[in-house]
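Enquirer: Letter by letter, the chains look like this.
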Amino acid sequence: QSALTQPASVSGSPGQSITISCTGTSSDVGDYNYVSWYQQHPGKAPKLIIFDVSKRPSGVSNRFSGSTSGNTASLTISGLQADDEADYYCSSYTRSTTWVFGGGTKLTVL
Amino acid sequence: QVQLVQSGSDLKKPGASVKVSCKASGYTFTDYALSWVRQAPGQGLEWMGWINTNTGNPTYAQGFTGRFVFSLDTSVSSAYLQISSLRAEDTAVYYCARGRTWFDPWGQGTLVTVSS
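Protein chains in written order, with the working numbering: chain A, 1 to 110; chain B, 1 to 116.
Keep in mind that the hints were calculated from the coordinates and are not lab data. Quick caveat, the model's predicted, so the values are computed rather than measured. Ideal Cβ placement from N, Cα and C applies to all residues, glycine included. Among these hints, one or two may not hold up.
[Said to hold, decoys possible] Derived CB-CB ranges, DEER-like: (1) B:S75 - A:S13: 24 to 34 Å; (2) A:D31 - B:L11: 38 to 48 Å; (3) A:S78 - B:L11: 36 to 46 Å; (4) A:K55 - B:D31: 13 to 23 Å; (5) B:K19 - A:S69: 37 to 47 Å; (6) B:G66 - A:T76: 33 to 43 Å; (7) A:G30 - B:Q43: 20 to 30 Å.
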């Protein structure tokens, strides 16, 4: 199972919005509503920020939102803050009854 | 609060074995599956598989069969990852995470270093 495709890096200024894409296939992102997103600060464990495509866990800011279109999932962060600077990973269930992560995207807040 | 606490970092020689533990607290251990994820130095996350905490039945991702074994001790709400015949390329941080449709929370990670 190949990793989902994410841009290596994105950047934005404080207060702006950015979107991170996560492209899979009709065997994973395009076929299941089991896409989740994780935020990982350097040296820390990943943290769940979106599950089931667009749901936010309790305690996660509503500045984070998720969606899908076809085989591509997207994470949008609005009102960028300095603490949003981190690596972001998407994950999807696959038709092989396994899970696959994206390669990760480094977000830089300028 | 719900948390997973993993064992500390380990340095092993090639060919040796290692066992990483993951102790759960704050919830009923057998109510949720437990997944394992690897992160090689400077690399992304890689799903290794998951274990059914009710039946003990493991499911392994491609590339993690043979030398990798998931196990449980439900009496102490703990899961284990054992890796045998260690190779330099097994050097990584290994995470346990609750769940198998989404992963939350995650353990703090265990760095396994394989070096002679």
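Enquirer: All the hints need checking, so say for each whether the structure fits it.
Expert: Now the hints, each set against the structure:
no.: 1; hint: B:S75 - A:S13: 24 to 34 Å; verdict: violated, 53 Å
no.: 2; hint: A:D31 - B:L11: 38 to 48 Å; verdict: holds, 42 Å
no.: 3; hint: A:S78 - B:L11: 36 to 46 Å; verdict: holds, 44 Å
no.: 4; hint: A:K55 - B:D31: 13 to 23 Å; verdict: holds, 19 Å
no.: 5; hint: B:K19 - A:S69: 37 to 47 Å; verdict: holds, 43 Å
no.: 6; hint: B:G66 - A:T76: 33 to 43 Å; verdict: holds, 41 Å
no.: 7; hint: A:G30 - B:Q43: 20 to 30 Å; verdict: holds, 26 Å
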